Structures are given as C-alpha cells and as structure tokens.
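Student: Protein sequences, first through last, are from chains E and X.
Those letters in the first sequence? Residues 1 to 299, per our numbering, in order.
Those letters in the second sequence? Residues 1001 to 1374, per our numbering, in order.
Distance condition first, Cα-Cα at most 25 Å in a straight line; then the derived DSS-like pairs of lysine-lysine:
(1) E:Lys209 x X:Lys1077
(2) X:Lys1057 x X:Lys1077
(3) E:Lys209 x X:Lys1097
Per label pair, the in silico range of CB-to-CB distance:
(4) X:Thr1239 x E:Pro189: 28 to 34 Å
(5) X:Glu1072 x E:Gly128: 22 to 28 Å
(6) E:Leu131 x X:Gly1067: 42 to 48 Å
(7) X:Leu1073 x E:Gly128: 25 to 31 Å
(8) E:Pro189 x X:Thr1359: 46 to 52 Å
(9) X:Thr1127 x E:Leu53: 54 to 60 Å
(10) X:Tyr1013 x E:Val142: 33 to 39 Å
(11) X:Pro1240 x E:Thr139: 58 to 64 Å
(12) E:Pro189 x X:Glu1072: 23 to 29 Å
(13) X:Tyr1013 x E:Ser229: 36 to 42 Å
Since the hints were made in silico from the structure, they are not lab data.
Nothing here was measured: the structure is a model prediction, and the numbers come from that model.
Where a beta carbon is used, it is the ideal one built from N, C-alpha and C, also for glycine.
So you can see what is in the structure, the chains are spelled out below.
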Amino acid sequence: MSHPFSSPQSHPLSPPALVGPLPEPDLSDRRTRRPSPWHFLLLPLSLVMLTPLVWMVITAISTPAEARRFPPALPTSIQWSNFSAVWTGSPFGHWLVNTAIVSVVVVASNVVLCSLAGYAFARLRFRGSGLAFMLLLMTLMVPFQVVLIPTLLIVKSFGLIDHLGALIVPNLVTAFGVFMMRQFFVALPPDLEEAARIDGASRLGVFLKVLVPLMGPPLATLAILTFLSIWNDFLWPLVAIQSPENMTMQLGLSTFQGAHLTDWTLLMAATLMSQLPVIVLFVAGQRVFVRSIASSGIK
Amino acid sequence: MAPIVLDGLRKVYPGKQPVVALEGLDLTIDDGELVAFVGPSGCGKSTVLRCVAGLEKLSSGRVLIGGREVQELPPGKRDIAMVFQSYALYPHLTVYKNLAFPLRERHVPRVRRDAEVRRVAEMLELTPLLRRRPGQLSGGQRQRVAMGRALVREPMAFLLDEPLSNLDAKLRTQMRAEIAEVHRRLGITSIYVTHDQVEAMTLGERIVVMRDGRLQQAGTPAEVYENPVNLFVAGFLGTPSMNQVSGRVSRGLLVAGSLRLLVPGAPDGDVVLGVRPEGLSPASVDDDGLCLDVLVSHVEALGNENLVHARVTGAEESAKPLVFRSPPRFSPRGGDQVRVRVDPSQLLLFEQETELRVTLAGPVVAADERHVVA
Chain E
1 MSHPFSSPQS
11 HPLSPPALVG
21 PLPEPDLSDR
31 RTRRPSPWHF
41 LLLPLSLVML
51 TPLVWMVITA
61 ISTPAEARRF
71 PPALPTSIQW
81 SNFSAVWTGS
91 PFGHWLVNTA
101 IVSVVVVASN
111 VVLCSLAGYA
121 FARLRFRGSG
131 LAFMLLLMTL
141 MVPFQVVLIP
151 TLLIVKSFGL
161 IDHLGALIVP
171 NLVTAFGVFM
181 MRQFFVALPP
191 DLEEAARIDG
201 ASRLGVFLKV
211 LVPLMGPPLA
221 TLAILTFLSI
231 WNDFLWPLVA
241 IQSPENMTMQ
251 LGLSTFQGAH
261 LTDWTLLMAA
271 TLMSQLPVIV
281 LFVAGQRVFV
291 RSIASSGIK
Chain X
1001 MAPIVLDGLR
1011 KVYPGKQPVV
1021 ALEGLDLTID
1031 DGELVAFVGP
1041 SGCGKSTVLR
1051 CVAGLEKLSS
1061 GRVLIGGREV
1071 QELPPGKRDI
1081 AMVFQSYALY
1091 PHLTVYKNLA
1101 FPLRERHVPR
1111 VRRDAEVRRV
1121 AEMLELTPLL
1131 RRRPGQLSGG
1141 QRQRVAMGRA
1151 LVREPMAFLL
1161 DEPLSNLDAK
1171 LRTQMRAEIA
1181 EVHRRLGITS
1191 IYVTHDQVEA
1201 MTLGERIVVM
1211 RDGRLQQAGT
1221 PAEVYENPVN
1231 LFVAGFLGTP
1241 SMNQVSGRVS
1251 RGLLVAGSLR
1261 LLVPGAPDGD
1271 VVLGVRPEGL
1281 SPASVDDDGL
1291 CLDVLVSHVE
1301 ALGNENLVHA
1311 RVTGAEESAK
1321 PLVFRSPPRF
1331 SPRGGDQVRV
1341 RVDPSQLLLF
1351 EQETELRVTL
1361 AGPVVAADER
1371 HVVA
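Could you put together the complete structure from these sequences and hints?
Tutor: Right, here's the structure in full:
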C-alpha cells in the first residue's frame, strides 16, 4: 500500500514536485500556437529590413540592364561572372587581407587592453582614477568627425599615413571597450579574486586564471562589436589611406562608383563578397552572439 | 599552526567622513585555538578577519602569525587560508581543480598535489564529487569544498567569514558539527566570524564580542555569558536576550519597579537590573521567595518548553516585557496573571550611564520581609 502522502490525490493543492516528476514543458507547442499581435507589426518590419539585402543579392547576380529595372525582379540567369570580374578586375584579395589584418589585430588588442584597463578602473585604487575614468567617458560623447583632423595629424606625425598601421593604432583600445569591461568587473563580486590572492596567485595570475575564464560573454560582445565596426569602417580609411593596395574592403568598394557611371552589378557583387565573412561569422556564432549581447545589456 | 597576535589594530576608511572600522584591538589567539568573533552588522568583526588575511591594509597596528609580522605581506605570503561567506569557489574549475588551486599556485609537484587533494576530499567526503563543477553542487557540498580548499595546504591559520550563513537551519547545525570536528582533528589556529551567537557559543573555545570597531569582551562562552562586562554584551548574547529593568540605587537599596533589593557595594545612581530568562521561573501563589506578579501578554510554545512574554503588574505600558521559560505543562494564556520567582543569584547590575557592570560586595537579597511587592 502506498503512503497516503505519495498519492497525487492526497491534497488537491499539492504542487507537482511533491507528487511526481514535473511534466516536460512543451516549448514547440507554445511556439506554434496562435501568433502574437506583435507579429503583425514585426513581420512587415522584417520585410522592410530584408529588402535592401535581397535587392543587393538580385543586383549582384543580374546583368547591368536587368539591374536598372524597377521594381527589381529575379534575373533570367545568374551572372556568376560579376563575382569573377570583381576578383580579377580589382585588388579585391588585397582588400580582403588588409581588412582581415586590421580587424584581427584591433579585435585582439581591444580584448586584451580594454579588459586590463577595465580591471584597473574597477579594482585598483590609484590617485586620480575617478577623474581619469570620467575623462574617458567624456570621450564617448565626442563624435569621431570632431577628432578626425587631430587624429590624422597625430597619425601623420607617427609616419603612418597610407599604411595599415594608420587604421590599427588609433583603434588599439577604445573608450567604449574599457567602459564595458569596467562595468563587468564592477558587477563581479570581489570574493573570487580575494580567494585566489589568499591561495597565492599574483594580481596577473588572478586575472588570467580566475577572471579571464569568466569573461566569455563580455569579451565575445566586445570582440563582435569591435570586429563589425572595423570591418565596416569607411570614413577613417578614406582619410588615412590613398594607395589601392593598402585599402580596406569598404574603401575598395567605393572605387566601383565613378563620378559619372557606376557599375551596380559589380558594386553589389563586391559588397556581397565583402559581407560574406560577416554573415558566415554571424550564422556560425549566432547563439554566442545573441547570448553575449543579451548578457552585456547592450542592444 | 601558530598563535596569532593582534596588536593595536586600527582601520580607518578614508573619505570626506572617515569611518573608523577598528579601534585599538589587542588580542592573542593561542596556538590551535578557535576564537569566534561575534557582534552585530558593522561592528568590525569581518574587518578584523580581512586585516589578518591581508585583504585590507591596516591604518596602524601589527599582526603576528607564528611570531612573524605579516601586516606588510600580501595575502598569499601570510600562510593563511580563508573560507568566504559566498564560498568563492572558482566556477569554471571542477571540485578537484578547486582543491588543487592553492597547491598549484605554490608549485607543489603534481604527485604530491594529487595525494593532498585526495586526502582532503576523503576527509570531507568529497571524493565522489571531484569531477563536478561548483554549479552542480548543493549548498552543503559547496561549503565542504570551500573548507577543503582552505585545508588542503595545511595553513598556519584558518579564517572563516560567516561560512554557514547561506545554509538552511538543519544543514547549518550539521556543518557546525563538521567544522568543530575538523578543528578538533587538525588543531589549526582559527578565527571564526559570525553574527550568529549560537555558532559563536558552540564553536568558539573563546568568543570575542565586538561593537563599533571595539572589542567589548573576550573569554570562554560561559564566562562571557555569565559575567558580561557591560549591558551590550549582556543583551547581545543569549536567546531570548537578557531581561532589563531600570532602577535606582540609593545607599545600597535598589528600587526597580516593584522590586526592592539590597545590593551591597553598589554606588548610588541610575542602574539597569538584568536577569536572563532562566533566572525567572513560574512560582506558586504561596511562594515566599523573591517573586514578581506579572501579566502574560503572549506565549511561544516551542514543544519542549514555552517562552512566556509578560509585563510586570503595574508597570508602565512602555516598559520592556519580561521573557521567561516555562515547562510545557505550564502554559498560561494572554491576559493571565501569574507569579514568577526571581533567582537572586542570577541578577546582574549595570550602571545606566556607562552601561558597565557593577561589581557587588555581596549577594543580592530582597529588601523587606515579605519580598513580594507587586
């Protein structure tokens, strides 16, 4: 005979946990049920956002005559030659490598330097740290266009004009990155670091062995945002780079636009190729991307 | 294992309004002794621990561990281990790696490291959990891992900062016994910080009561409980806390409400008469001892005993209620008039102004023949 309290009927208000295993939540059912009223707003908005992308793809695989049609329509045949023309008719490979070099170096330096600086602002007590942090925050309020000329003069004094270094050095560490990492460390309870210090770890040891493994989400966010901003940057490369072989992708794309004539099929094919690494990166790391952005509180 | 000497510890947090967290703390903790620091929030007990650990820099004073001055050394060089209230387990490491962390940082060879980790895991019954991460452990298991990490390298001193606060009542009792057993077995000099007086009384070989950054009293649990040096210590220790009745002494006669007592050697002036709940007991109507008539306000039935809350008959409404224990069979109801017997040997006297204990020249006795005044 079973114990009376083990019976699901023993009490009409017994929570499920007391009378047996919880039923598996049926998420699929919940997802396929009635659409939310928000869907009527969000679906058309999604279409609006997708339109330029679809238009870009259609143009990239069309003939110049088909590309001029409005509204755009699917081409009669796919023009793969547009892509090969971009690759052979311009130093596209150079631009790709240049952009990759600049992006990887800047992302790596930001990940290292912003997290170290953020840690220092969050944890180390030194004279003037509050003032220094305030000044850092103030630089976030200044648009890049305002500091464009001073930055150019500084980079010129370093002898880096028309050199990839001109694109790397000013972006080695960013105020936004330092601020973001500092906020992460401030929110982290100090107990872990103190425990590690008592266990015999040095400051750097604490940072590398205890904190770095916990910094996955904020570092991923920082890396993604830095990568996107560098990969898609146009204004600063336009000012700092002149030689075609030193151009980055976005700057190179502008060479497809003439003063009087633009070959839209080649321009869109090049644009699509330039965005492919970003799209591949996003699709591959979509889960990490969404989670890290969500956990960092950045929208 | 080593004695710990705290010599004139002073800690001030600077700012526009500097906060004095510790003021002139002197204490010697003997080799192998477990001393429990107890006090209300903000009394400075955790600051003492953090200063000993090296997590806070002293404003002045010295800390000696095993005869060696350590106040200028970083935490890792002090040869101490600490258990945090939050346990502070490294969430990305398994239990094994958490236990091995202090040994790795001290470059202990792999074979010895492994042996030490397994020894401690065996002692704390953590062996089946070695591959798990902290997130997969219960509160009690995490607490044991934190203990293990502190014990694994056999430090000279062991610091525990409210290690049981995050556990439920049942687990806390169990872990308290385990900590006592580990300390008995290893005999490491330990400082235990808690706001829970039961923990302090049951674990500490000596307890130190702190208030506003100052040491109030240090002694064995029995000494501090039975002979508190001031009203704060008397009121802080004991559950329910000590009953306090205001009164006035004049030429050796104490008048406190309806009580008239002879208090030999007590100076004239305003005083507070203290008596613990166990100093009061239900009395029969014809009891001719020192008695009080009280009006019961409510009764807490605890099963093995009752806690009776009552007000002295005729006392002002603002007067603090008295609390006394009674056996379960004596269960009055709110509004009942009952008589309680006062044990004169358990009466303590404190100066109202300084809150210091008054040392009497002889035993307290009732002042008149009838003894019953109410």
